[in-house]
Every structure is written in structure tokens, then in C-alpha cells.
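Work out the full structure, taking the sequences as your base and the hints as a guide.
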Amino acid sequence: MHMADALLSPAVGGTLWAASAGALAFCTRNVQRVPDDRNIPMMGVLGAFIFAAQMINFTIPATGSSGHLGGGLLLAILLGPHAAVLVIASVLTVQALLFADGGLLALGCNLFNLGVIPCCLAYPLLYKPLAGNGNSPLRVSIGATVAAIAGLQLGALGVVFETVFSGIAELPFQPFLWAMLPVHLAIGLVEGLASSAVLSFVRKARPELLACATARPLPTRSRTKVLTGLALAAALTGGVVSWFASPLPDGLEWAIARTAGTEQLAPPQTGIHPVLAATQQKTALLPAYAFRHTERDSAAPAPPPPAWPAVEAGTSVSGLVGGGLTLLLAMGIGLLFRKRNRVA
Amino acid sequence: MATIASAFADLRTLDALATQDSVIHRLDPRIKVLTAALFVVCVVSFDKYVVAALLPFGLILSLIMGLGGVPAGVIFKKLVLVAPFALLVGLGNPILDQQPLLSIGPVAISGGWISLLSILLRCCLTVGGMLVLIATTGFNEVCRALERMGLPAILVVQLLLLYRYLFVLMEEGQRLHRARALRSFAGRGLGLRSFGPLLGNLLLRAHDRAQRIHRAMRCRGFDGTMRSPHTPHLTVRDVLLLVLACLVLIGMRRHDCALLLGQLLTGLLP
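The listed protein sequences derive, respectively, from chains A and B.
So the first sequence is residues -4 to 339, counted in our numbering.
So the second sequence is residues 45 to 314, counted in our numbering.
Just so you know, these hints were derived from the structure itself, not from any lab.
Take the hints with a grain of salt, since some may be wrong.
As the list claims (entries may be wrong) - Ranges of calculated distance between the beta carbons of each label pair, as one might list FRET restraints: (1) R208(B) to L152(A): 34 to 42 Å; (2) S61(A) to F211(B): 23 to 31 Å; (3) L226(B) to P56(A): 51 to 59 Å; (4) G17(A) to H299(B): 31 to 39 Å; (5) R227(B) to Q169(A): 40 to 48 Å.
Said to hold, decoys possible - Pulled a few chain A residues facing chain B out of the computed Cβ check, cut under 7 Å: (6) A(-1); (7) D0; (8) A1; (9) L2; (10) D31; (11) I35; (12) P36; (13) A48; (14) F53; (15) L99; (16) A174; (17) M175; (18) G317.
Source: prediction; values computed, not measured.
Note that beta-carbon positions come from the ideal geometry of N, C-alpha and C, so glycine has one too.
Here it is as C-alpha cells:
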């Protein structure tokens, strides 16, 4: 479910970084507006609780497999959506930096898929209306399950879009989508059931905890706040879609060119000239970079397929030799330091 | 469970590595954070068929690991744990992209295999870069560096508190898991009916703990920010090193060093 840096192009990663950073800034401002700082240690400890919760799994009847809690929706219900986004951001940062789950560039994607979508879309639009004031256990369970499923489906959709638009992995859109959505339907169901199991226990054991959680976000911010939230969500999704739209034509062109085998950008394909030309074009790390220059500037063992016969064999041989030597050097350095450390 | 538990053990290893003293550890954390970010962006911005040009980045990483006293075994162990997802998604490449891109003698290698190799290399480099940053800096120092680079205080406090209580609550989670596993026979009692109360109890305990922490912090004058006892100052050496690191990384991004080396050796350099 976590996006990885390796599958992401800078254009897509940067776009989602911007979107998530905007959402995070909005949530931070909202949380800071509350003068009560009792929430601060609560958020920290509940973030740690998410890690602990993921250690405890439960068996799913009749399947033989087991699931565990993801926790995004539960946080939104306990802390309110804005504080929850903050907590999820910190959880994802720790996962990226310490557990090697996700990555630095992928952090934006992950926060969007796993934080912004469940907390700012699924929670206010599905859980709130379905669960009502939280007095009926059945409605809470239904609300949590529906919101968890919808949130995870949208998150999975996000992963598919991000992977396909990045174009690093070759997976085509439709089969990937058909693989991801059913799997995440099951995961969403498990997440919803687990969340409502925990919620129903908390409701029995300490009802005031949920009561103050449901009372906290809504009364003062009633309709206008919900409307601004909706507008924000709409603007965000609109913004993201339009951001996607700009690299999209290039991506499509590129796909068409690949399948048709003919490419418009045929010109200088021989010798060192294209390498130098590409080097010149690389003056800036442009966001749309990966889409614009695909197929052309890949210097080493990767000349474009149509031009294959025209490429000097020497280039790829040099690439292989140089690459191999670099690898050997890297290993040599590692061994050298290891020996030195052992002596010291 | 097994993976999270072993990840938890690795966490302690990383934390211990960060307390070492070396050339890399002594650098200003901000320098290291910026360099690591640039490193990741450079690696990720390569075209998808690039393999050779990525290798010099591995060279740099192993150099930093050597200077910072980070054992390769720790990093490799994490990489093995993480690689499967990238591998799974990338595994479609050799099947879907079969155009031959490279031939070694009679053997033609398709673009898919090359891009799969590239994905795996990217995975190793980006994940390795992050781990080396943490192993030579420490999570708390990284957070403080982010704060001094403009991250809102509330986020930094959140990260610091999360990291502090991560160890406490994960130990608690481990104990709960072990206790339940010991009392379960033939897989009974592991279902959702006992899961709800179990996790709910953990949640309530975490909640009470947070309230106690809040009171204790208020008693000690907490006002929403965390203060650190010492703040490192940027020295000229730090700035010079940052400039050097940026030049090297951007240089490696723009020129395929491995190819140049190979051309030098095979005498094809124009």
C-alpha cells in the first residue's frame, strides 16, 4: 500500500508533495488554533499506538489469513480529522525514515493516499453522516466500515494513478487497477471491522472518550466549516487532477510512440552528439523532466529501440565496463572500511 | 508481526549507530538532511532505463557509510525486507516490455529487464540513503534540523513525542501479542471478538498515559515547544561540504560517470 520512491517520477512525487504539504499546512493551522495543548501529548502517544496496534493481528474467519488495524480512520474518529492528518503524517515520516517503508519523495503520495483521503474525504463525507451522533453502535459500525472501504479504495486508486503516471513500472493501467481494487476491498473491510470492534469496546468501557471526540470538531464549525472543507477537498482534487493533466498528454504520446514504433523525435541519434545535446538540455531538474526526455537522454545501455542498429556498440560496452567497475569500487570501499574498522 | 518485531529490533540498532562519533556524525544535521533529499531527487529523476549512471551514487553511499561507521549488514538487512514491493510491481516489466535494448554477444537483453534492474537499484539507493541519514544523525536531530529549516513547531513536537513513545508502546504491544499467543490453543481466541477489547484496552492505556504525560509536562512548564539543550551552529566547513556534496551529486546526475569511466578504459573517449 505504501508507495515506494523507486516507482515514482519526480513530477508525480513533487505534485503530491505539494498537495499533501498544502493539506498538512491547513490542518496544522486548524490544530494550532485550539488553545488547549492537552491534545499534543495525546497525538504523540496515539501515533505510537498505531505502531503497537499493527503488531497485534487477528485471524479472519474462514480464510486462514490475518489482518491488522491500519488506523487512519480510527485516529480521525478519536482526534478529529485535522489532528489525525498530523498524526498520520508523523507516523508515515517515521515509517519512511526508520522502517524503510515508503520513502522521502513518496511521503507526499503516502500522506495523500493514507492520510488526506481517509481523514478529509471519507471521514466527513461518509462516516459523519452515517454514524450520526455516535449513539447507535450499529450506525457507528456501518459508518466505520463504509468509510474505511471507501477510503482504502480511493487510496488504492491513488497508488495506481501515481505508479502509472510515473511510468517507471511498466504495468498497464487497467490490469493493475483490477488487481489493486479487489485486494483493497478486502483490506478495507478488515480495517472497518477492526475499527468498529475497537470503537465498540471503547464505547462500552469509556463512553465519555468518544462523546468528547464527537463533540469536539463539529458544533462550532457546523455547516460553513463543512462546506469549506468540501470546497478544499474539491479544490485539492481538482488541482491534483489538473496537475496530472499536464504531464498526461506527454505520457500518452510516449505510450503511443512506443506501441506504434515510430517516434516524432527521430533526429540525431548517433554517437556522442545526442548525449551532449541531452546534457545541455538537463540544465534544470524540470518537474516534467521524466516525461519529456524519456527514451532520448538515457545515455548508457539504453538507446531507444527504433534507433538500435544505428547506435555505436561502443557506447553500451563502455557503459557495461564503467558500471561494473563502479560497482567493484563501491564494494572495494566497503571492504576497505570494514577491514580498517576491524583493525581499529 | 514477525517483520514489525524485527523492524523494531533494527530501530534500536539504528538508534545506537546514531550515537557514534565520526566525521559524518559531527556534521550539522541540516547539511545531512539537505544532501539526503538532493540524493533521493537525483536518483529518482533518472530515466527508467538508466542503470550504469545510478551506480556512482551507490559508490558515494558506500563511501559515506564507510566514513560514518555504518555496517553494511544493517542496511542490507533492511533492504531485503523492503525490496519485495518494488520487485512485485517491477516484475511486470520484463513481461510487458520485450524490446531488445542491449546485446552482449548473442544474448539480447530486453528493455524490461533493464528497467527492472533500474527499479531495484533505485529502491536500494533511496532506502539506503534514508537509513544512512538516520544512522549517522539520529531521528531526534533530524527533527530538530527540520524545525530549524521551517517545519511548524507542532509537527516537530508530534514527531519527537511519537518517537519517544514508539519504544514504550511497541514493547507494550509486543507483550500483549505474546501473552495472547501463549494463551491461545489451536488458533482459538485470535479472532475479532478478542481483538477489539485487547486493542481497545491498549488504546485506553495509551490515552491515560497521554493525560499523565500532559500533566507532567505542564508541571515542568511546557508551552507547546520542545527546547533542546544545545543547538549546533553552521561552520564554514559545513557550508563548504554542502556545496561540494551538491556539486558532486548534480555532476553525477548530469554526466554518466560510469560511462565516462568505461570510455576512458576502452579508449573510446573522443
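Hint check:
Checked against the hint of 34 to 42 Å, the pair R208(B) and L152(A) passes, with Cβ atoms roughly 35 Å apart. Remark: the range hint 23 to 31 Å for S61(A) to F211(B) is upheld by a beta-carbon distance near 25 Å. A beta carbon spacing of about 22 Å between L226(B) and P56(A) contradicts the range 51 to 59 Å that was offered as a hint. For G17(A) and H299(B), the Cβ-Cβ distance of about 35 Å falls inside the hinted range of 31 to 39 Å, so the restraint holds.
For R227(B) paired with Q169(A), a C-beta distance near 47 Å keeps the hint of 40 to 48 Å intact. Using the Cβ-Cβ criterion of 7 Å, the hint placing A(-1)(A) at the interface with chain B is satisfied: the shortest such distance is roughly 5 Å. The beta carbon of D0(A) is positioned within 7 Å of a beta carbon in chain B (closest approach about 4 Å), and the interface hint is therefore held. Restraint check, A1(A) versus chain B: the minimum CB separation of about 4 Å is within 7 Å; hint holds.
Checking L2(A) against chain B by beta carbon gives a least distance of about 6 Å; that is within 7 Å, so the hint holds. With a cut of 7 Å, the hint placing D31(A) at the interface with chain B is violated, because the nearest CB-to-CB distance is about 10 Å. The interface hint given for I35(A) holds, since its Cβ lies 6 Å from the closest Cβ of chain B, which is under the 7 Å cut-off. Restraint check, P36(A) versus chain B: the minimum CB separation of about 4 Å is within 7 Å; hint holds.
A least Cβ separation of about 6 Å between A48(A) and chain B falls short of the 7 Å threshold, and the interface hint therefore holds. A hinted interface residue such as F53(A) counts as satisfied when its beta carbon comes closer than 7 Å to some beta carbon of chain B; here the least separation is about 4 Å, so the hint holds. Using the Cβ-Cβ criterion of 7 Å, the hint placing L99(A) at the interface with chain B is satisfied: the shortest such distance is roughly 5 Å. Residue-level restraint check for A174(A) is violated (minimum Cβ-Cβ distance to chain B is 10 Å; threshold 7 Å).
A least Cβ separation of about 10 Å between M175(A) and chain B goes past the 7 Å threshold, and the interface hint is therefore violated. The beta carbon of G317(A) comes within 3 Å of a beta carbon in chain B, closer than 7 Å, and the hint placing it at the interface holds.
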